[in-house]
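Protein chains: 6
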Amino acid sequence: MADDFLMRGVEVTKKLWGERAGGQEFPAQKLAPEFFMRVAEFCFGMFWSRPNLDLRSRSLCTVAQLAALGKTDELKGHLVGALNLGITRDELVEVLMQTACYAGVPTAVSALNAAAEILKPRSDGKGS
Amino acid sequence: MADDFLMRGVEVTKKLWGERAGGQEFPAQKLAPEFFMRVAEFCFGMFWSRPNLDLRSRSLCTVAQLAALGKTDELKGHLVGALNLGITRDELVEVLMQTACYAGVPTAVSALNAAAEILKPRSDGKGS
Amino acid sequence: MADDFLMRGVEVTKKLWGERAGGQEFPAQKLAPEFFMRVAEFCFGMFWSRPNLDLRSRSLCTVAQLAALGKTDELKGHLVGALNLGITRDELVEVLMQTACYAGVPTAVSALNAAAEILKPRSDGKGS
Amino acid sequence: MADDFLMRGVEVTKKLWGERAGGQEFPAQKLAPEFFMRVAEFCFGMFWSRPNLDLRSRSLCTVAQLAALGKTDELKGHLVGALNLGITRDELVEVLMQTACYAGVPTAVSALNAAAEILKPRSDGKGS
Amino acid sequence: MADDFLMRGVEVTKKLWGERAGGQEFPAQKLAPEFFMRVAEFCFGMFWSRPNLDLRSRSLCTVAQLAALGKTDELKGHLVGALNLGITRDELVEVLMQTACYAGVPTAVSALNAAAEILKPRSDGKGS
Amino acid sequence: MADDFLMRGVEVTKKLWGERAGGQEFPAQKLAPEFFMRVAEFCFGMFWSRPNLDLRSRSLCTVAQLAALGKTDELKGHLVGALNLGITRDELVEVLMQTACYAGVPTAVSALNAAAEILKPRSDGKGS
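Residue numbers (this note's numbering), protein chains in the order written: chain C, 1 to 128; chain R, 1001 to 1128; chain Z, 2001 to 2128; chain F, 3001 to 3128; chain V, 4001 to 4128; chain D, 5001 to 5128.
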């Protein structure tokens, strides 16, 4: 059953980030490699892979929460995942702008600044 | 144009809470009535009413952020709004459970406790 | 010199809350009475009593921070202190409303709701 | 292996709260019963039951974090657990007082107020 | 009336940062240019430009809140604005030091570190 | 008595960081040198040096709180202090991993990433 959680989690992360998901990239991954297996089981195996809510909605809600909590590093990773699921750049910008209402303007600005590294401005220069 | 924001905002809040939206219910509304007009213009007129993102997604993201930020009073109001938009009880429970990953278990428990006042458990007793 | 901090602190708290400041009112005060002496020395003896910034400004900044941090119990105490220093009800409402910009709308609403217990609405019914 | 996590988690919660641990008490437990199984596996099965750190230290760190994060409901539960592990009332008061340094005075006061419901003041009236 | 908010907002930002206020400097400004117009209307047009509270107090409260919330980027911008309004370096240092009481020592240290880039230490080497 | 607090505080900081503790390293220390004397008195003189709780437990709780609050700069300093007190690298990694339960996965990842600069991975490549 734990293997189930792990397998189900891996299936979700592949949809978000492709095969290379879970590659050892952070300094923390050398320090505590088991940690990342456990949290992948927890986040993606126990929650994201549940029925009752579509992946698109889970991705948008995660982007919204990471923005509100000021976790800009993980936000960038999940913006990449959201694009891979087919969510558009414009939709993501809307989620981040709306963050100003609930978490304050500076938090939204930080999220948009982080997002600018991932979401290319439109070539017509009109932004959102 | 400000009137535009106000009008557009009112149209959104009607979809979320019906005609009685904006009724003076909180102690704060007597203390600072203009405040609530201004923030309705800001939140609903300037952001929620924008194109590029559907109302369902905006509602889910708001529920997700209020849960993550521990704002349980406003969370209850937005859970009611989400149900009025046609989002199901089960979908909302999924959003709140997933909060444990990004904001910690105690924050998710608080959100689920608050939600239990709004979202009736299923009559078959199976919960989510 | 510690006595200095304590004495200077007591002088400040008298200006904020009169002679009865420091009365044992919270459950925590029975549990950890020394704690309250130490933090009074720290907050009021080491910082509030310093020169370079007037008491009015210190009081407004404290109200602003407690509102932004969602510490509504202590906020109520400091709103009382602010009124005792001669800061007006209208000024305090402005500080709390402006909190929406930097800490988000729900945080400002909570602060205004808490404040409504301390700051009586104007008798002409016009609010702020 | 998931069963392992669940079993290991149950062993920890018994040490903290006895046999009745995991009883359905919160409104959230009716709303989302599976949630509580999953988070028990995660918190107690995947982390608390690991070697390398003794239970006493895990309990103190959890009390410290819940106090710092302002999660007073869960704090009360973990104070009960800490007492059951043999950690003394005076040790717990020290942890909560020290919170003032890192999370600010109001957060420490809230934690101490919550703790006063669980930790009886000493009969000699001397507090901490 | 929206134009009013925008115009009133611009008048405030000129006092804080001169004519160049609102220049497109952040990556976020290319990504979401309308966002910055809306939040300027909201923050400066709807709140800062209201009567009942002087600009000096609004500036001090904003500095206090940004410090307490750990928003060091926006803090630096508002420290520049505060100096332009005639608030002294020493007054600002007092606001930031006092933050330790309400938001904890590490938050105050971060704010003071950020401020050290904006507020030059006194030439006599005496600091605050 | 204040001198007592200062002296007691210095004794604690020596155990954590040796003689060079309190050296002027941060930009903030030039800007507000007295601030650091006051907070050392408060944190180390008034709390850490109290009886009733051993230094090891105080250090673990501080590491836990700084991780949960996302204060990664001060976390690094206190990880060094914890190692100097004889707390092991593996114990510290356990404290940081467990943070995921109470403050969310992204907060634990940030803490582990910061810790990787201080706690060298084991030479056998097995991490924790």
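No lab work stands behind these hints, which were simulated from the structure alone.
Do not take every clue at face value.
[Said to hold, decoys possible] Cut-off 25 Å, straight-line C-alpha distance, at most; resulting in silico cross-link-like pairs (DMTMM-like, lysine to aspartate or glutamate): (1) C:K76 to V:E4034; (2) V:K4076 to C:D73; (3) F:K3030 to R:E1011; (4) C:K76 to V:E4091; (5) D:K5030 to V:E4034; (6) F:K3014 to F:E3117; (7) R:K1030 to Z:E2117; (8) C:K30 to D:E5034; (9) C:K30 to C:E91; (10) Z:K2014 to Z:D2054; (11) V:K4076 to D:E5034.
[As the list claims (entries may be wrong)] Reference listing, derived: stretches of chain F covered by chain Z, where coverage requires no fewer than 3 residues with Cβ under 8 Å from a Cβ of chain Z: (12) 3089-3098; (13) 3106-3118.
Glycine included, each C-beta is placed from N, C-alpha and C at the ideal position.
Going down the list of hints, with the structure as the test:
At roughly 22 Å between alpha-carbon atoms, K76 (chain C) and E4034 (chain V) fall within 25 Å of each other, so this suggested pair holds. The suggested pairing of K4076 (chain V) with D73 (chain C) holds, with an alpha-carbon distance near 22 Å, which does not exceed 25 Å. A hinted pair counts as satisfied when its Cα atoms are at most 25 Å apart, and K3030 (chain F) with E1011 (chain R) does not qualify at roughly 35 Å. A distance of roughly 38 Å separates the Cα atoms of K76 (chain C) and E4091 (chain V); the hinted pair therefore is violated under the 25 Å criterion.
Note on K5030 (chain D) and E4034 (chain V): the hinted pairing is violated, with a Cα-Cα distance of about 40 Å set against a maximum of 25 Å. In summary, the hint linking K3014 (chain F) to E3117 (chain F) is supported, as the alpha carbons are separated by about 22 Å, within the 25 Å threshold. Taking the CA atoms of K1030 (chain R) and E2117 (chain Z), the gap is about 11 Å. The hint holds against a cut of 25 Å. Of the supplied pair hints, the one linking K30 (chain C) and E5034 (chain D) is violated, its CA atoms being roughly 40 Å apart against a limit of 25 Å.
Among the hinted pairs, K30 (chain C) with E91 (chain C) is inconsistent with the structure: their alpha-carbon atoms are about 35 Å apart, more than 25 Å. With a C-alpha separation of about 16 Å, the suggested pairing of K2014 (chain Z) with D2054 (chain Z) holds against the 25 Å cut-off. Taking the CA atoms of K4076 (chain V) and E5034 (chain D), the gap is about 22 Å. The hint holds against a cut of 25 Å. Check on the region 3089-3098 of chain F: 3 of its residues sit with their Cβ under 8 Å from a Cβ of chain Z, so the three-residue criterion for coverage holds.
Coverage of the region 3106-3118 of chain F by chain Z holds in this model, with 10 residues showing a Cβ closer than 8 Å to a Cβ of that chain against a need of three.
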